[in-house]
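Kindly generate the complete structure, drawing on both the sequences and the hints.
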Amino acid sequence: MNEPALPMLVPVAWYQLLAAAMFAIGALGVLFRRNILVIFMCVELMLNATNIAFVSFARHLGSLDGQVIVFFVLAVAAAEVSVGLAIIIDVFRKRGTVDLAAANLLKG
Amino acid sequence: MDYFWLIPFLPLLGFLINGLFQKWLNEKSAGLIASAAVGAAFVLAMISFFGLMALPADQRVVHHTISSWIEAGRFNAPLAFLLDPLSMVMVLVITGVGFLIHVYSIGYMHGDSGVKRFFTYLNLFTFAMLVLVLADNLLLLFVGWEGVGLCSYLLIGYWYEKKSATDAGKKAFIVNRIGDFGFILATSLTFWALGTVNFTEIADRAPGVLEAGGGLITAITLLFFLGATGKSAQIPLYTWLPDAMEGPTPVSALIHAATMVTAGVYLLARTHVLYTLAPLTMFVVLVIGMATAIFAGSIGLAQTDIKKVLAYSTVSQLGFMFAACGVGAFAAAIFHLVTHAFFKALLFLGSGSVIHGLHGEQEMPKMGGLKAKMPTTFLVFVIGGLALSGVPIFAGFFSKDEILWQVFSTGNVIPWVILAIAALFTAFYTTRAILLTFYGQPRDKHLFDHAHESPAVMTVPLMILAVLSTIGGFLWLPIVSGGQKMKEWLTPVLGDGPHAAAHAMVEPAAAGHAAEAAPAAEHALSMSEALKATTQHSAEESARVATQAVHGAADAAHTAVAHVSGGVFHYPGLLPAFGHNTTLELILILVSVAIALAGIFLATRLYAGRAEAAERLRQTWGGLHRLLLNKYFVDELYDMAVVRPVRTASDFLWKIVDVRGIDGSVNGVGTFMRGTGDELRRWQTGLAQNYAVAIVIGTLLIVAFVLWGKWSL
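Chains as they are written, first to last, in my numbering: chain A, 1 to 108; chain B, 1001 to 1713.
The hints are simulated quantities; they were obtained by calculation from the structure and are not laboratory data.
Here the structure is a predicted model, which is why all the values come from computation and not from measurement.
Cβ coordinates follow ideal geometry from the N, Cα and C atoms, glycine included.
One or more of the hints may lead you astray.
[Claimed, not checked] Some residues of chain A that are not near chain B, with every Cβ distance over 12 Å (derived):
(1) M8
(2) V10
(3) L17
(4) A21
(5) I52
(6) A58
(7) S63
(8) L64
(9) Q67
(10) V70
(11) F72
(12) V81
(13) S82
(14) L85
(15) K94
(16) L105
[Stated by the list, open to error] Computed beta-carbon distance windows for the label pairs:
(17) S1665/B x F92/A: 52 to 60 Å
(18) K1710/B x N104/A: 33 to 41 Å
(19) E80/A x G1668/B: 48 to 56 Å
(20) N104/A x L1653/B: 25 to 33 Å
This is the structure in structure tokens:
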């Protein structure tokens, strides 16, 4: 582990492990949950995992770049949420369910 | 005469009008247009004929090039016509007899549903036939050759609702393909050997380039002859002609008696320069012609269908023509071709008149006694019969006798005997047909009561043909000095008959052998020179070799002489005195008259009045009669030897090779693809999550590789 640019109370690796764990939990949720809303929340989890990774590295390296990117991510996530929720509502209206297994129009 | 090249285009015009404007024409106008087109062609042919006759004998050759056609390197086949005495004779026969048959057809085909189609084909045929005889090169001749073959097919199968008619058409076409294959090969070989397909150039170059009696010239001529056997219905390709009688009777008269089937004889006459260089081929032509003459003639003895009798008679008479070609008497062959066109067209049209009067009945056992009902038809049919039988003053007598004389006088005694027997058969079956049809008691009361004489549009052409069949023979009288008009007319093209032809053939043959001997002698001499140079003391040895060489040369010369005077080919020398022996010719004429009368007499004894005489004979010779009635089972033989093996092989190729092998492999590829697709389809669940799993797994794999594997980013 390199010398941190700014002193940190908790070593950066721990943050990374936390971020990795959150990302893995989110990814598994996206892959295996049926409910679109839950999947959506899992996506948010993955985004925030990367946010943690960015922020921790920014602090560790003493650079503001990572922190700036986090704001972009937050803004994009907000936009994405609005679009995504709109799609979910529409899917619910069409199909009466938010179960992803029912959305298999492309089945071969 | 300058416009002779228009002759073929008149029937073509008729064909186009009748073919394109069928909707606006009725039955009558179609017949009139077709007849007028051929009639106009005949008038133009007559004008050309007089124009040609006005020229000195050795200048009677007119060329006309319409346009270039195929030019590639040395190869040049223009669209060009050649009018000389030979093609003139053919053109006159085709347009003259053709015109009469067209007119006759107006009456005969009256009321048929496809008359317009009929006349369209008939005009197309006349066009193709005229192209065939007027062509100045082999390739254009082949166009006409195939054109007449096509029209023959179309017209044999004219009544296409009848399966036997379409089958017969196909048979004619397919059997002719075998001959055409020979024609194409021969044309290619000719071009390869001589560098030209033009008739005049072939005649000029062949004697200088091709070794007389050599393999190449023999191959070329044999292949041309193969083409001729197909078109002119000779053994072994004759079987299609009797079946071709399924076509309307005018078609049988025009195509399968007067014109198309004589194309083979015309081809041989046109390329006779090549044939005179190939003694072996000439021998083959003689044997095939003579065999066909007697073979087909004997089949004709037992047939009961009136048209079948005439069909076998045609095959037999064509055999006579080829036999004449085989001894080098090309002019006599053409003469017989002309008279045969007259009287056989007459007989066919006469039989057509009978069939017309009997509403389609062709079986002679159901006829009888028609003399009273159809006096005109009876009269002209008898004239045609007398001409065919070879009774003096009628046309057939002169031409057939000329052939017999030429065969005999060239020393071919055995072929003469065989042809004489064939002539006996001819007289017999002709008389038999006349007696069964017109004499005796009516054997079918109902048919007889409804029989009627044909209208004038049919009987007038018959009468004209009857006149031609009577006087046609005077074109070439035997013995009488100055009476051989036809021969004189054809001499500039075909030479001076078999004796001159034989002479022309023998000299190159001898020269060829001498040429063979010369290098051998030279070689031997040079050998001895070499020996002398290397070894000083072997003077004796070299002397011995030189002596050997001289002996070798002598042997070769001896072979040359032997070749000239003997061998299978009985050309000259064997019976030299016959050449100009008038007494002998007179005796032979009397013999052939006797033969004709004997045939008529025998048939009269058997078939006039008492039916039991013929019946008794039939029972005594039951086996032979069945053999003849069934045409020697040749069709069955071909079926067994050719058709069935081909079928079996085709079945194998179809069911095993094609269906299992080729289709199997193609379908196999398809089935494999479909199966694979079916399997892979399952992966395409339509659930985005499953795809996402794949993406994640892939990403993880890539990361793993980058971290621990050989890859680096």
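- Query: Broken hints, numbered, in rising order?
  - Reply: 16, 20
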